[in-house]
Structure formats: structure tokens, C-alpha cells
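> If you want the building blocks of each chain, they are given just below.
2 protein chains.
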Amino acid sequence: MNMSAGRERLVVIGGDAAGMSAASQARRTKGPDELEIVAFERGHFTSYSACGIPYWVGGDVGERDELIARTPEEHRARGIDLRMRTEVTRIDVAGGRVRARDVDSGAESWTSYDKLVIATGARPIRPDMPGADAAGVHGVQTLDDGQALIDSLTRARGRRAVVVGAGYIGVEMAEALINRGYEVTVVNRGREPMSTLDADMGRLVREAMEGMGITMVNDAEVTKLLTGEDGRVRAVATQDAEYPADVVVLGIGVRPETTLARAAGLPLGAHGGLLTDLAMRVRGHENIWAGGDCVEVLDLVSGQERHIALGTHANKHGQVIGTNAGGGYATFPGVVGTAVSKVCDLEIARTGLREKDARRAGLQFEAVTIESTSRAGYYPDSSPMTVKMLAERRTGRLLGVQIVGREGAGKRVDIAAVALTARMTVDQMTALDLGYAPPFSPVWDPVLVAARKASRAVQQGF
Amino acid sequence: MNMSAGRERLVVIGGDAAGMSAASQARRTKGPDELEIVAFERGHFTSYSACGIPYWVGGDVGERDELIARTPEEHRARGIDLRMRTEVTRIDVAGGRVRARDVDSGAESWTSYDKLVIATGARPIRPDMPGADAAGVHGVQTLDDGQALIDSLTRARGRRAVVVGAGYIGVEMAEALINRGYEVTVVNRGREPMSTLDADMGRLVREAMEGMGITMVNDAEVTKLLTGEDGRVRAVATQDAEYPADVVVLGIGVRPETTLARAAGLPLGAHGGLLTDLAMRVRGHENIWAGGDCVEVLDLVSGQERHIALGTHANKHGQVIGTNAGGGYATFPGVVGTAVSKVCDLEIARTGLREKDARRAGLQFEAVTIESTSRAGYYPDSSPMTVKMLAERRTGRLLGVQIVGREGAGKRVDIAAVALTARMTVDQMTALDLGYAPPFSPVWDPVLVAARKASRAVQQGF
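These protein sequence lines map, in sequence, to chains U and P.
All letters in the first sequence, in the order written, are residues 1 to 462 by the working numbering.
All letters in the second sequence, in the order written, are residues 1001 to 1462 by the working numbering.
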């Protein structure tokens, strides 16, 4: 029950990016006399950069606290009633209340809400196999996970690390462990690492990682984690082989954490995430919003929902939710699927659809790949770059771009991200007025070179 | 007269980016049996990167020939009848012919054309003042200019250089001369350097350049260049002061080289450049095209013509002209005014309209400025960046972006360049799905932070 007459109560479940951005933005819009804000967080931290954990583990970031954008105390100072180590165990939609449990004491109680924000995040996929919970086996989803891994590395007897999974968390953790002086093996179920790229581009990543001294094992399903007599992990086993390991990092991916939402009968999509409208309201519910890693987002290129766990989306969702919950108006139109990551000096970027995404969406396309350089060829430190571009048959609409290169490659994907949002054709892209000077780009930017080739392919394949 | 029955002759005036791109693209489209291509170049070189000259002078590029994309011999090997050191002295539009003079022998003759491409480039503005032609005073427009400057630097007695002009050539030359160990003074007529930026952003450039040990003199009109007894420049004089100089570099800007076109009665615009249609045909002339630094281009943001001398545009024009002259179809829709440059580690970028451009175009706007960083704040080598953004009142349409920062700042302007091309509003931009990972960007990319602030300003100023 809300006891303050005339004052609404906003309840937020989850104290990380989406939840606390929503709370903060709602507070900016409405003062404490108009809107009470209660936020529940089951962990020890608020508003931190999970994306930064690999760099903390690798030593690029010195202190855990550098990853924390805003502490519980800072949130409280802004008039948010933040309840740490308090886990919401049930959402009573009909009753307009949530049940929460103090993690330490076990005490439970109901809190009523006028408006609810669900920002329960994602949970890492843990393989259901022997040894998965052994000492020395680590996820890297939370700050607590990161601290546990760092402690484990300090205790590990040898210097052999196995990373399971070769998505962006897997490759970033490979870099982190290399930086800490480990021999690193990456075991990957797919044909090539970075399955967010097409395999032909993933191959470039594999070759570069092998060049960095990382052992890449592809097409390999981990069957069990072997432990020593002390109970600590000692090797990773696949059907074909065993890989000795003093420490194992799991980077297999995440799923939306929607246990509460499912139990409350809220609408979930094909990927297990909450379904929202453009104002980030849970579909069919006027006063419940959801955002961050627990929701599905509209892919503007394919027209279908996807699940993408990424801090930048979570922050945008939080802004939109907080604006709306505070009585303003904002929408989140969707994503184009941009992602960028690096392994040592290798930069990897993608946006839009891969070949298989396009096929699945019923789109026919031309795919072209070009080689170019980050700067004018004659300028020092010009580095090679491969750009793959997909364009729809007949219409020539840009469908996706993948880039693998060195310094200056990754953020070039933004050009394509904006072009995708604007539904440009590759022919239109050939005329884009991009920044040119020899230290920044060849006279034809690599993205323009790809667009020219894609445009010719579309014309020829008409 | 064209003597080969059934075979058309394409004549190209000017052997640099636009002209030779046009010739090459026309050749790709039509073989020598269908199309004869004759190109005239009055200088010693073809298809070179004038934009690379500062880096050659500064020592980043070792050899002049690295700046040459394609030599006369390479062009000839592709079936282009290239006549070097041959200056076109007249265009006879009615007669469909051009008169050309061998620079060395002085011999003149007429060459008839079926199709003509004018790519006469730009000429540097030389101040009309005493001493402007003295030894030790140099422009940096052509490879010959660059070689003369390098020779002059070798001969100069002292290490004091004065650069006249603080546009992008001026600041790039300041860097080049610093790299060669000179004490550099930049004398600039404007209130701040980089008048392609608003003065508030130009101030950041000035402060950074002063921090590099460059003496910046603003609001200063050069009145004369003083020479010593040997006839060599010894100082640059303004109304107020004299600046000792062992070498002087003129970077005052360029004007379209349209003397021939004007004499032929072809249509010129307010900036002295040729006016073309979207297919790059000179207006009113079916069989004459023009491109590169001698034409005016449509500014897609203001809707007015501008003159911009930039290799990347010249190359695009050449592609379009060559395609059309070869019987295909292509258009050049216009520019948004993107430019990027650097002085040592300072990166400077702009696209779209400055405040005064917007006013001149009759646009009312909100202007905002934000500070952010190139990477997540906690990531190593994250560097500060200032982003200024202009948005139209009421509609919120993006009008322009200016960025001053360090590594990673410059090419971010491409995000805005694409958004301008797509006529996005700043509110739409707040939702852009840009590449995010801690080594590449804060969770809100600086351009998004600016868009959010601009969006709020538009809403408040409605």
C-alpha cells in the first residue's frame, strides 16, 4: 500500500544500468514530494559496468570501484529509497505489489506500487555438466564474479587458462588472460570464433588470435570439466580431447532473467525476454515497464525481436522508462544490432544482419567483401581492414556490415549503423560525405569501398 | 575533328583526382574501340594526393612518389592518351574542340571532342602584397610546391617558420614544421584558428596548439613579407608586429580554377566554381561535365552551393562523370560539409553548418556543447572530447556537429555526417545503436550525449 496520499510510488526491480537509469531519470522529472521511488537490488553493487570486467581482470582497470558509475549512497542522496541485498521473489500484478526478501536475514515483506519497472537483467548460461561448479570455474557476469576470478587467478598453481565460448565475452577474456601472462586456449562450439559474425569473417578473427599465441579449438563441445583431488578444476574435456586448465572462464552467453516475470504471467517472447511496446511498457500493462538485459528488442532491419544483453541499450531503456514513468514521453525505436569488441589490437565490429539472419528473415541479398586500410596507404601506421557488406537484392537496401581490422576499424561500423537506421541503400551510401584526411582514412573510406562493390553487385544481380 | 568513324572522343582537362578518375571510370565502361580518351595535364604528375603533402613535408611520408596513386605510364597502359605538360588554353564550346599548348615547346593545336570533362582544380590564393613571391615563401598545393618547400627547408638558415592562415592546410603545415624541428608561428586573420569551426570550438584548437609550443597570432592581417639582402624572406609583417621567418608557408585557401570555363561562357556560381547538375554535367551543356575542385557542390543541409576543395569529393565526382560519360548512369547528390584534420595528437572535425552558416541559410537553431571521452572513463588512454551540436528549432533536425579532441575524436563526425544525409532529428539520434565497448566508447557515445542535450534544448526552446 502506498501510504502517502497524493504521492505515487515507483518500484524498481534491479539496481544496475536499466533499473537505476530509470530511477534516476524519473527522479529528475519528478521530485520526492510527487513520486516515491523504491529500488530493490539483490547484490552488493549498483550501476556498474559489467562490460568493464574483462579489463579489470586483465589489469587495464586497476580497481573494482572504477567500474561503478554510481554507488548506493549516491543514489540514496538523490532521493531513491534503495534496498540493497534485497531480492524480489514475486510480482503480484493484480494486487499491484511485489514481495521482497532480505538476503541476509531472510525477512520478507510486500511493497505496493503504482508503477513498476522490471530490470532483472540476464543470467549467464552455465553448462549442465560434471564439474561446472568446481573451484576455478568462473563466470564474468557480475562484479562479484570478477572478484572471484581475480582471487582464483592469484591462487591458481599454473598459468594455463581455458575459455569456454568465443563470443565477445570469450575473446575479451582471452585478451585479459593473455595480459595476465596466461597460456590461453579458447574452446568454441562453432566453426569459427565470434559467431556474431559470418564464418568467413570469424576466420579472420581466429587467424589473428592464433597469431597472438592463443590456442583456438573450434567445432568442439565441452562434455565435462575434470577436477583434481582438491576439487579444483584441472582440465576441460571435449568429445575428442582434454585441455589442461588451472582456471576456466565460462563465456557461453546469457539468457534474459525473467523467472519473476514468467511467474507473474507477463508476456515473454521467443527468446525468453519480456515483450514491451515502444514506450518500454510491458505489453498489455499500463503501469509496468521493463528494460535492459531482461527484455527483447525490435531489430529494425529484420523486423523481428531479438535478445541483446548490452549496457548501452540498458542505459537507453532506463532513460526512456524513467522519462515515461515520470510523466514525460519517450520511446525506444529498436536496434540495428551493432557490436564492437577487441582482442589485443584486433578490432571486431558488426551491425545489422549476418547472412543467416537475412535468410531467416526471408531476405535475399548480395554479400561482398573488400580489403582496405584505416588511413591513406602512404600514411604511417595505416593498417589493413576487411569489410563485409550485405545489401538486399533489387532494392539495394543495406542489410549489414562486418569489420575485422586493427586500430581504427571498430568504430567505423557506426557509419553503417546510422545508414541502417535511415534505411539507406548501398548506392546512396557510395555518396556519403565521410571525414577524409590521410591520417584518418584513404580517400575512399573502407565503408565506401564496400558500398561501391555492393552497389555493383546489386545492379548485376537485379 | 574526330577522325575515327563511329568512335567517340572524350577529352579531359586536368590529370589529377577528378579528371583521371573520370577517364579511368569511362575506360572501365567503354573499351578503346568505342571511346577514345585524351587527357591534358599541364604539370608533371597525375592522380596524386595533394592532401598528403603536409605529411611528406613533415617526414611521415618518406618519398614523393608514395603520394602518387597512378603514374602517367599506368594511365597510358589502360588506354588513356595522356598528354603531360600540355596546357589547355581555350575551350571552343560551339566548335566542340579545345586548344592546347605544349608547355615546353610552346606548340599549340586544336583537339576536337564529342564529350568534355573539365577538371581544372583550384588555385591557391596568393596574397597580393610585397614579398609574396620572394624565395622562402611557399604554397603547398602541388607536388612541385611540396618539393620546392622541402628544398627550401634544407637551405633555410634558421629554424623559424611562419604559417600564414590557420585553416586545415595551415594547421597541418604547423604540425609538419614542428615535426621538422621548427619554431612555428601561425598568423591568422580570424579571431581563432580553424574558421571552418565556430570560434568557441576554434578556441580549443588554439589552446591545444599553444600547448604544443606553437605561437598563435590571431586577428592579424599580413601586410607584407620582408626580405633580406639576398632576396629571401626574413619576416612576416602585420599591422602590429613583425614575425621573423626563415621560411613562410601560405595556407590561405584556394579558389576554383575556372579561367578557361569563364572565357568559354560556361555557368559559374557565386563562389566562382562551375555549376553542374546532379549528373555532374555543366548546366545547359549535354556533353560537358565538370568535377573536383573547380566546381561548386550542393550543400544538402543549407540547400545552397558551396565550394569545397577536397580529394574525396573530387574522386567521387570523377566516378560519377566517368560512369555517365561512358554511357552509364550515376549522380552526385551533394555534400554535408564533412572535414577532419589533425595537429599532432589533436583531432578536429566538423560536418554540416556552423552557427553563421545556419543564420545565413535562414535557419533558427539551438546550439549545445558537451564534454565526454573517447573511451569508457575507466579505460586506459581515454581522452577528453568536446562536441558541439546544432539542431533546428521546432523540427529538431540536426544541422551540424563540430568535434575537438584527441585520438578517436575525429572520425566520430561520420556518425553525424550520415545522420545529416538522412535528415535525422537530434531526438532520433539519441536512439542510435552505435558501437559500444569500454575500449571504444563510453556507454553513451559522445555524439549521443550531445544529441540528448540538443534534443532537450529543442524541446525547451519550442
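Take the hints with a grain of salt, since some may be wrong.
Claimed, not checked - Residues on chain P that point at chain U, a partial pick, calculated with CB under 10 Å:
(1) A1017
(2) D1151
(3) Y1168
(4) G1311
(5) E1355
(6) P1380
(7) I1415
(8) Q1428
I should point out that these hints are in silico values taken from the structure, not numbers from a laboratory.
What you are looking at is a predicted structure, and each value in this text was computed from that prediction instead of being measured.
C-beta: ideal position from N, C-alpha, C; glycine also.
> Next step is simple, just say for each hint if it's right about the structure.
Comparing the hints with the structure gives:
no.	hint	in the structure
1	A1017	7 Å, holds
2	D1151	20 Å, violated
3	Y1168	8 Å, holds
4	G1311	5 Å, holds
5	E1355	20 Å, violated
6	P1380	5 Å, holds
7	I1415	5 Å, holds
8	Q1428	8 Å, holds
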